[in-house]
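Chemist: Take a look at the letters that make up each chain.
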Amino acid sequence: MSGCGLFLRSAAAARLGRARVAFTASRRPLRTSPPSQAFAKELFLGKIEKKEVFPFPEVSQDELNEINQFVGPVEKFFTEEVDSQKIDREGKIPNETLEKLKSLGLFGMQVPEEYGGLGLSNTMYARLGEIISLDCSIAVTLAAHQAIGLKGIILAGSEEQKARYLPKLASGEHVAAFCLTEPASGSDAASIRTRATLSEDKKHYVLNGSKVWITNGGLASVFTVFAKTEVVDSNGSVKDKVTAFIVERDFGGITSGKPEDKLGIRGSNTCEVHFENTRVPVENVLGEVGGGFKVAMNILNSGRFSMGSAVAGMLKKLIEMTAEYACTRKQFNRNLSEFGLIQEKFALMAQKAYVMESMAYLTAGMLDQPGFPDCSIEAAMVKVFSSEAAWQCVSEALQVLGGSGYMRDYPYERILRDSRILLIFEGTNEILRMYIALTGLQHAGRILTARVKQLKQGNVTTIMETVSQRVRDSLGRTVDLGLTGKLGAVHPSMEDSAHKLEQNVHDFSRTVETLLLRFGKTIVEEQLVLKRVANILINLYGMTAVLSRASRSIRVGLQNHDHEVLLANIFCTEAYYQNLFALSQLDKSDQRRQERRTPRSSEHWHPTPTVLTWLSPPAVGMTKWLLQQILRKISMN
Amino acid sequence: MSWAQAILLARGLSRGWGGICSTALTGAPFSQVTPQAPRGLHCSTAAHQPDSPLVPRPPEPQRGLVKALAPHEELFRQAPDGVRDKASFVQAVQNFTQYNVHKRGHVDFIYLALRKMREYGVERDLAIYNLLLDIFPKEVFRPRNIFHSIFLHYPRQQECGIAVLEQMENHGVMPNKETEFLLTQIFGRKSYPMLKFVRMKLWFTRFKNINPFPVPRDLPQDPVDLARLALRHMEPDLSARVTVYQMPLSKDSTDATDPTEPHIIGIQSPDQQAALAHHDPAHPIFVEGPFSLWLRDKCVYYHILRADLLPPEEREVEEIPEEWNLYYPMQLDLAYGRSSWDDYEFNIDEVEEGPVFAICMAGAHDQATLAKWIQGLQETNPTLARIPVVFRLSPSSGELLASSSGLEEPPLTPPEGREEEENNQQRQQQSQS
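Which chain is which? The protein sequence lines are W and V, in order.
Counting in our numbering, the first sequence runs from 1 upward without gaps.
Counting in our numbering, the second sequence runs from 638 upward without gaps.
Each hint should be verified, as a subset may be incorrect.
Now the in silico label distances, taken between C-beta atoms and shown as ranges [unchecked claim]: (1) S876(V) x T197(W): 31 to 41 Å; (2) K258(W) x V881(V): 38 to 48 Å; (3) S876(V) x R472(W): 49 to 59 Å; (4) S234(W) x A912(V): 28 to 38 Å.
Keep in mind that the hints were calculated from the coordinates and are not lab data.
Think of the CB as a built atom: it goes at the ideal place given N, C-alpha and C, for glycine as much as any other residue.
Build out the structure end to end from the sequences listed, making use of the hints.
Modeler: Below, the structure written as structure tokens:
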């Protein structure tokens, strides 16, 4: 305890360092994979892991050439040959279109090359997603095939399984589907009713049950199915656990219902799939028996990041079409584009598209780093942000278009209908917000636990540290997390925005601490609090992404980088105030509760509730006075 | 000023005594609960009165056996065909004003009219109350100077005016502009009836919707409908289903030898069904009752099917399965929970009670009838057949049963033709017992 009292700053730093050391020391022996790079999780502790996000991830020249090779023909195909309107009307993707997609290799984009796929990196996959999403039905069909349908085999499959299934899936000869949802089970794994029982010769599982809303359910010949099996525990008791299976249509007993009539993405095939005494060989168990829950979670978590770029691609196309309209339609002898209210809408669309693109590629870049980084929070944030921005932007675009946006002869209303599903599938945004907030809080909670315990036991040094930290905060110390300055990662033209981000991150970590103190474990039930925490985090991630990307653009000297700086600054300012509002909402309830408990204290100066509620008012006054003296001395030195 | 206070105090005391004496004999017709509060507020300022009604006893206190005619009683007997409705009541009042130009004995007449209002079914009619107030001569009782206002000017008349307002209050009738106009004309602004009027204006609006579980003003007459209403009133779960297990046999067709079949109506919600299905057959469940429930002026009785609370060691702790939610953790693995510092809940002593599985209302409170209810319940709750049912029927249903055997079968028709005094007597007995 060398840094007690007088050397507050160094003490704080030392304490953080200690906590970190203790944390890593305690966890290292348990770790099997390389250290997980958790940018978002560290934000909960008020730290910006600069080396994860700065500089913005780049692709090598070779890769770039490779991407361009792919992108050219695909883009040509989508703009010239795909008739989205017809697909939407008829509710079916024509066979020749599907054949062409297969020949372009789009059914095996992420399948490793040794199994006949393209073996694209996440970044390249995201780039192709931008183009594929020009038709949402095709995008959803392809995503259901490879982002979730065959992903299980890549992630958890054995060598034999990979060798057996991946080549045909990659070529598109077989289409895959992901069968998890049931009439009674959405995100609730415990209520899965489909059951797999081991046959007497122990060579087969007999599968019974039905799944609903299965994308590609009618086309697929390979299904990833999740079913309950009986598993004997280590202590001998029999339990029902979820197991994943690879099921071929040829196994028999599989029937699919008629395609569902949907609001949007009408060209994609969605139907019920029934399994009746389907005999699945034991070799086709994906992962371990009883390990299906983890498989499902990994598949779902890994498939989300690409939505950001896909939506951005769609939005850019939409902006193009809308801008054309706004620049040609004349009212009062002026183009629509000259009106401020219309310009505002375009600014909004451009900003959202830019942010989601930055977030998506930043996440893809993180995922492409060596090791198996866990970016599931980031991916979920990209998904939530992009789906909501998509809905908002499409709606604004329709507003610009006026009446023609509402007519079925034009493509706009189709885009609106198609984009509504984005908020619902791959985990609804509500559930993903819970995931984002709770995962982060879990991480922060582990590290803060030690400190909180000390606080509650009344460890004098910890209390003094915490109180002094609060006092310094309340004195308006500017937060410096090292984003700007001489060797800063952010370009000086965005210094203000970087400061805003730092300020927000700092306040956010304080709020997280208070929330954990206040609610402890029961925070799981405080969904409204969690929602705000998630919203703040999404904004913080977006701010980081645009700052990083715009800084790179300036330094590399990209065309129109001044626009990027503008967009980044606008977004950062908006997000900053949104965050401040959310933070004040989270703090305000605290303050109100505080006042109710101690009605005598009329002042608004309130450090951590836990510290001051023990101290009687005179003690509080004394402490304040002492701290002020100490701080004055420090500032004089 | 202290002198004046002393006089007021003395008056209050004497009135207090009068009130105490009179409570034993009279009782105001209470409507539901609502009038209680304004009554208390009213009393607090004028003088400390017990809950005595302001309608004084008629001069001849002997009642029940031989009813002496109150003055002007004959006016209410003039109705040619014996029809008692608003028109005949108005006619009676008009007769009084016509034949009594000097309004002699108008106070007695107003008291009489107030008592008669129920019989004529006009006790909730604002126009009638205004008509009654209109009987008072105007301008005569207005205080002319400060001493008039300090001392109770024309006390008998003012009390009579208050009595009219009091009866309005008891029946939940809101006074209007006309009432105010009449009162200012009769008693002036600075008078006790006016004070009462102002208070009614203030509090009635506040109390009008104070009951979160409103009961319809006119209750259904049919006992089955009434039971249905009462059960819905008690059951918080909107998805609960009311079942009629047995309809009452019509009383006209059967004579006394036939065993009458009382009605049995029960209510059960899906949650209660599920709880009953999970009940451990080793523990018995109980039929308890009858308990009373007041709906306005009607008392109905109900029975409940309940179980004892499980002892804490036998309760199943609901634990969160490990692999439940595919998307987010259902519990956080934190080393600390919310400690007592962070507990912002009020300190409430909560008494946990055992679950109630169903409620029923029956026409009879014997075991045979209730056994039929349990039989009916078994159709929807198969587990009930395996659970022992213990009947714990109390012989008397609380304080009210002893004296009010007449209320056991709640009167199906409003007590038409019954004298107010009888009602009062009954209530008085209840309150004594």
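Chemist: Please go over all the hints and tell whether each is borne out by the structure.
Modeler: Hints, verified against the model:
1. S876(V) x T197(W): 31 to 41 Å: holds (36 Å)
2. K258(W) x V881(V): 38 to 48 Å: Holds: the Cβ-Cβ distance is about 44 Å, inside 38 to 48 Å.
3. S876(V) x R472(W): 49 to 59 Å: Holds - the Cβ-Cβ distance for S876(V) and R472(W), about 56 Å, lies within 49 to 59 Å.
4. S234(W) x A912(V): 28 to 38 Å: The hinted range 28 to 38 Å holds for S234(W) and A912(V), with Cβ atoms some 35 Å apart.
The structure fails none of the hints (numbered hints given earlier).
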